[in-house]
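Undergrad: Model the full structure from these sequences, guided by the hints.
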Amino acid sequence: DTAVSQTPKYLVTQMGNDKSIKCEQNLGHDTMYWYKQDSKKFLKIMFSYNNKELIINETVPNRFSPKSPDKAHLNLHINSLELGDSAVYFCASSPVSRRDWTGELFFGEGSRLTVL
Amino acid sequence: GQNIDQPTEMTATEGAIVQINCTYQTSGFNGLFWYQQHAGEAPTFLSYNVLDGLEEKGRFSSFLSRSKGYSYLLLKELQMKDSASYLCAVRDRDSGYSTLTFGKGTMLLVSP
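Taken in order, these protein sequences are the chains called W and Z. Oh and the first sequence: position 25 is 25 in the working numbering, straight run, nothing missing. Oh and the second sequence: position 105 is 105 in the working numbering, straight run, nothing missing.
Derived from the structure by calculation, the hints contain no laboratory data. Each residue gets a CB set at the ideal place from its N, CA and C atoms; glycine is no exception. Some hints could be false.
Computed from the model, here is a short list of chain Z residues facing chain W with C-beta under 10 Å [said to hold, decoys possible]:
#1 40
#2 44
#3 50
#4 53
#5 57
#6 70
#7 72
#8 76
#9 87
#10 101
#11 103
TA: So this is what it looks like as structure tokens:
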């Protein structure tokens, strides 16, 4: 019963290709996130969705397009992949509307993207 | 904006005590978090401080001083399995839907 699950776990592809990473959470949370962790292990927010609505969009190239078909799913599509896109992408969720929410994020296991 | 600073690496011996410091500068503050991340795995929540003082949870404790923009994570009775990266993160109050901003992490190596 994985709480936040991502697929695929590993993705190796050529420069210029388009790829997608999927994320699903079964925690009933209303907010989902994509974080990028680079080779130096720096974890940085990319996007956040609350009830399917985009609420945080950091300075990310237009080649990255998130989509949330419902509040349990948040997918990430990347066009024209570049070498610098190689990283681990983490999906996370949280129950923002809950009064007792402390701010904790619940992370998926990550998707390691390697662009050759 | 936010700026979070923590040491890049630390080493310690099994059974010892280690303190990992974190300093932050933020336009708003709504909590400080510590996460543990083993190599190749997802970050997992360790502790949360929103008021000044010490929060203890088993072998791990976390301290916060809001006036100084300072926190530390204290790990006691170190075990080999504590070798991991420890991430300090701050929640910013200013945005309506705030999220966590992470520091670059402290890689802790515990040796026998």
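Undergrad: Decide, hint by hint, whether the structure agrees.
TA: Taking the hints in turn, this is what the structure says about them:
no. : hint : verdict
1   : 40   : holds (8 Å)
2   : 44   : holds (7 Å)
3   : 50   : holds (7 Å)
4   : 53   : violated (15 Å)
5   : 57   : violated (13 Å)
6   : 70   : violated (19 Å)
7   : 72   : violated (19 Å)
8   : 76   : violated (23 Å)
9   : 87   : holds (7 Å)
10  : 101  : holds (7 Å)
11  : 103  : holds (9 Å)
In summary, the structure is inconsistent with hints 4, 5, 6, 7 and 8 from the numbered list given earlier, while agreeing with the others.
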